[in-house]
Every structure is written in C-alpha cells, then in structure tokens.
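Enquirer: Sequence:
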Amino acid sequence: MNRWRSPLFILVLFMIGKDLLYAPIPYGLRSLAQGLCLAIGIFWLPLGVSTAVLARYWPILFYLAVLFIEAPFSSYPIFVFLEVTSLFSMVLFFIAYHETQRKRGLMGQDDFVRYMVIIYSVVIITSLLMARLHPGLVYDSLFAGDSVGYEIRFKGLYGRAGAMGQAAGLLLGFSAITVRKLPIKLGLVAAAAIALFLTESRSYWIGAFVAGTVTLWLYFPNRRKRALVAVLICIVGYSIYYASGHRIDGAWLAQTTRTDSFGTLSGRTYIWTEAMKGIANSPWIGFGFTMGASGMLENNLSDTWTRNLVSDPRQLSRVSMHNGYVQSLMDSGIIGTFFYLSTLVLAVWRAMKLDKERVYPTTMYALLFLCISNFGDSVIYSGTMFPSVCFWACAVFAMSLKEPLPHLAAAANGDTPQISADRRRFANLLD
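In the numbering used here, the protein residues as written are 1 to 431.
What the hints contain is simulated information worked out from the structure, not anything from laboratory work. Quick caveat, the model's predicted, so the values are computed rather than measured. Check each hint, because a few of them may be wrong.
Calculated lysine-lysine pairs in the DSBU-like style (CA-CA distance at most 35 Å, straight line) [stated by the list, open to error]:
#  : residue 1 : residue 2
1  : Lys185    : Lys353
2  : Lys353    : Lys181
3  : Lys185    : Lys103
4  : Lys356    : Lys225
5  : Lys185    : Lys225
6  : Lys103    : Lys277
7  : Lys225    : Lys181
8  : Lys356    : Lys185
9  : Lys356    : Lys181
10 : Lys225    : Lys103
11 : Lys181    : Lys103
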C-alpha cells in the first residue's frame with residue numbers, strides 16, 4: 001500500500017489536523033480517523049489476539065477495562081463510554097499494527113515518526129511565519145490566576161500555548177534524532193526550539209531537556225563527550241561574560257521564565273488541592289474518564305478556575321487538572337490510576353531494558369518527554385489530543401518489545417547475530 005494513503009498516515013494527519021484552532025469539522029476528522037482505527041482493530045482481533053498478546057499489553061488492557069466498567073457510574077455515562085471507546089480504538093489499532101509488523105519481522109515506528117515530523121514541521125513553521133506576519137492570530141492572552149493576572153503566550157495555530165509546547169517538544173526531539181541531512185535537521189530543530197521557547201511552557205521546557213539528555217546519554221554514547229564539551233564551553237563563556245561586568249537583563253529573564261507564578265505554578269497547586277477535596281467523595285472509581293472536573297463542580301468547589309464549568313460534558317471534558325496524574329485520579333480513581341501508572345512505568349522500563357541494541361531512540365524520547373510534561377499539564381489521559389495518542393502508540397510499541405528481537409534470539413541459540421549497518425543507523429525519515 002502507498003504509505004501516503006495508509007491508515008496510519010490518515011490517523012496522524014487527521015488527529016494532528018483536528019487539534020488546530022482553525023481546523024474544519026474537527027469532530028468529523030476525529031470520527032473518521034478513530035472509526036477507521038476501530039474497524040481495522042476489530043478486523044484484526046479474531047486472528048491476531050492470543051494469550052501471549054494479552055500478556056504483553058496487560059496494564060493498558062486492564063486500564064481500558066476499568067474505564068469501561070466505571071462509565072455507567074459517571075454523571076454522563078454515554079459521553080464517557082464514547083470517550084473510552086475513542087481511546088480503545090487508538091490502542092487496539094496500534095496493537096494490531098505492531099503485532100502485524102512483528103509477524104512480518106518488521107519492528108519500529110519509522111512511518112509513524114516520519115508522518116509526525118513532516119506534519120508538525122508544516123504546522124510549526126507556518127505558526128512562526130504567522131507570528132511575524134499576523135502576531136495577533138498566534139498569541140494568546142491567558143489568565144494565570146489572581147496573583148499573576150494575564151500572560152501573553154505563543155499558541156501558533158493551536159488554541160492554547162500548551163498544545164504548541166507539546167507539538168514543538170516532540171518535533172524538537174524527533175527531528176534531532178531522525179533527520180540526517182544537516183541543513184534540514186538544523187532548520188527543523190531551530191524552528192521547534194524557537195516555538196517551544198516562545199510558548200513559555202516550563203513543563204515542556206523541562207520535559208524536552210530531561211528527555212533529550214537521557215536519550216542522548218543512552219542512545220548516542222559517542223556524542224557524550226561532545227555534549228559535555230558544549231556544556232563546558234557554555235559555562236566558560238558565561239563566566240567570561242559575567243566577569244566582564246555584563247549581566248543578563250533580570251526583568252527579561254523574569255518575564256520569560258514567569259517567575260511571578262512560581263509560588264503556585266500558575267495556579268496549579270490550587271487546582272490540585274481542590275481536586276483532592278473532590279476525589280475524597282469518589283476515591284476508588286473517580287468521576288468518569290475525562291470528566292474529573294465534574295467532581296469539583298458537583299462538590300460545590302466552584303471558584304475563579306471552575307466558574308465556567310457547564311453541564312455540557314463536551315465542555316467539562318476540556319477542563320484540565322494541569323497534571324495528568326491528578327487528572328487520572330479524578331477521572332478513574334485509585335483503581336484506574338494504578339493501571340495508568342503501571343502502563344507508564346512499564347512502557348519506559350521495557351523501552352530501556354529490552355531495546356538492547358539502542359535502535360529506537362524516538363520511542364524513549366517521546367515516552368520521557370510526555371511522562372515528564374504530564375506533571376505540569378494533562379498530556380496523557382485520552383484518545384482525543386494527538387500528543388496523548390502519540391504516547392499510547394509509543395507505549396504499545398515499547399510493550400511489543402517484550403520478546404527478544406530476532407538478532408538477540410539468534411544469539412541466544414548460539415548463532416552469530418547479523419546486524420547490518422542500516423540496522424544500527426536511524427532511517428533518514430525525510431528521504
């Protein structure tokens with residue numbers, strides 16, 4: 001099948017496209033993409049499912065089962081059921097995809113990453129051009145709490161700065177890892193870094209830095225010395241700059257890092273405190289998948305953060321706890337959060353433990369970037385926004401590595417493993 005007409009390409013294109021602020025019929029794009037995924041997954045099930053397959057993906061499957069069981073007990077059972085089905089369609093599709101690839105002897109996410117790099121590149125470069133030509137369309141005035149007031153943040157073609165931070169952070173790591181043509185690599189890395197910086201999204205700054213550092217250390221040992229030298233050069237350079245009497249503009253630095261909101265993390269600590277009061281009334285099963293905010297509303301916890309909550313579940317599901325782990329607790333309670341955390345931990349562990357030849361750095365980068373950013377924003381909690389879909393895709397792939405790779409199995413049988421040069425190198429995804 002032509003890769004540009006494959007279901008995977010349609011999924012990535014439609015799910016990234018529907019997240020954009022000016023996307024036409026976003027619900028239509030989402031329904032088409034996820035309906036196609038669900039159909040493919042169901043078609044695969046009778047011949048593809050087995051005990052071994054179920055054992056590989058047990059934490060995700062248990063998590064989905066808990067979400068389905070909890071749906072009837074929520075305030076909006078039909079809506080919650082549809083949201084769980086949305087996530088189920090994504091997970092089932094990627095299980096079917098990777099299990100099919102495994103049978104063919106093809107492991108990897110090259111096509112998935114290729115599509116992301118190309119589409120995100122178009123979105124982010126267009127957003128930066130719009131920032132020069134029509135800045136009023138791509139900057140957002142965001143209320144960050146009574147103590148902070150309004151902040152001006154770069155959102156690009158998205159509806160909020162956080163969504164741009166997610167896209168820029170993923171493109172930054174993926175283009176740095178997978179694009180080998182130096183001019184294109186430098187251009188994409190620079191565009192992603194600038195966009196990420198302009199969002200002023202500290203969660204994604206930290207996520208990209210930590211994920212990039214760990215991935216560099218684990219997967220590119222030959223570049224460790226160069227990285228350390230670069231850090232030393234920066235330290236020495238700044239020391240000379242400081243010794244010469246120059247200083248970084250404190251006001252600019254404070255504005256860029258938003259130091260005035262450090263105390264409450266832009267109001268996040270207040271939301272988390274109030275959420276914990278709400279979860280006390282439904283600690284085991286929560287308030288329904290993506291509907292955690294209804295727990296705050298129902299328990300009369302309305303304030304400046306929740307006063308805009310309405311009875312429309314589509315609006316309630318958009319109210320974020322600004323922490324994916326708190327979000328999971330509010331959505332699915334202690335039971336669901338146990339399997340949620342098991343999925344995250346097991347996915348990272350398997351990616352680190354079982355990729356012994358270190359040939360899948362994009363998987364590790366994506367998992368770490370999204371798990372770390374999840375502390376400051378609800379990134380991993382649904383099948384709606386594409387970065388969340390990206391996590392579930394990478395988690396499924398990491399869990400598919402449970403069995404030894406073919407060349408490792410050959411070595412275990414006493415054969416000499418044959419690893420080609422192409423196997424050790426990462427595909428130039430823009431060829």
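Enquirer: Hints first: check each against the structure and report whether it holds.
Expert: Hints, one by one, checked against the model:
1. Lys185 x Lys353: Judged against 35 Å, a Cα distance of about 29 Å means the pair holds.
2. Lys353 x Lys181: 30 Å, holds
3. Lys185 x Lys103: Judged against 35 Å, a Cα distance of about 33 Å means the pair holds.
4. Lys356 x Lys225: 22 Å, holds
5. Lys185 x Lys225: 21 Å, holds
6. Lys103 x Lys277: Answer violated: lysine 103 to lysine 277 is near 49 Å, above 35 Å.
7. Lys225 x Lys181: Satisfied, since the Cα-Cα distance of roughly 22 Å is no more than 35 Å.
8. Lys356 x Lys185: 26 Å, holds
9. Lys356 x Lys181: 26 Å, holds
10. Lys225 x Lys103: Cα-Cα ~39 Å, so violated.
11. Lys181 x Lys103: The given pair, whose Cα atoms are some 32 Å apart, holds under the 35 Å limit.
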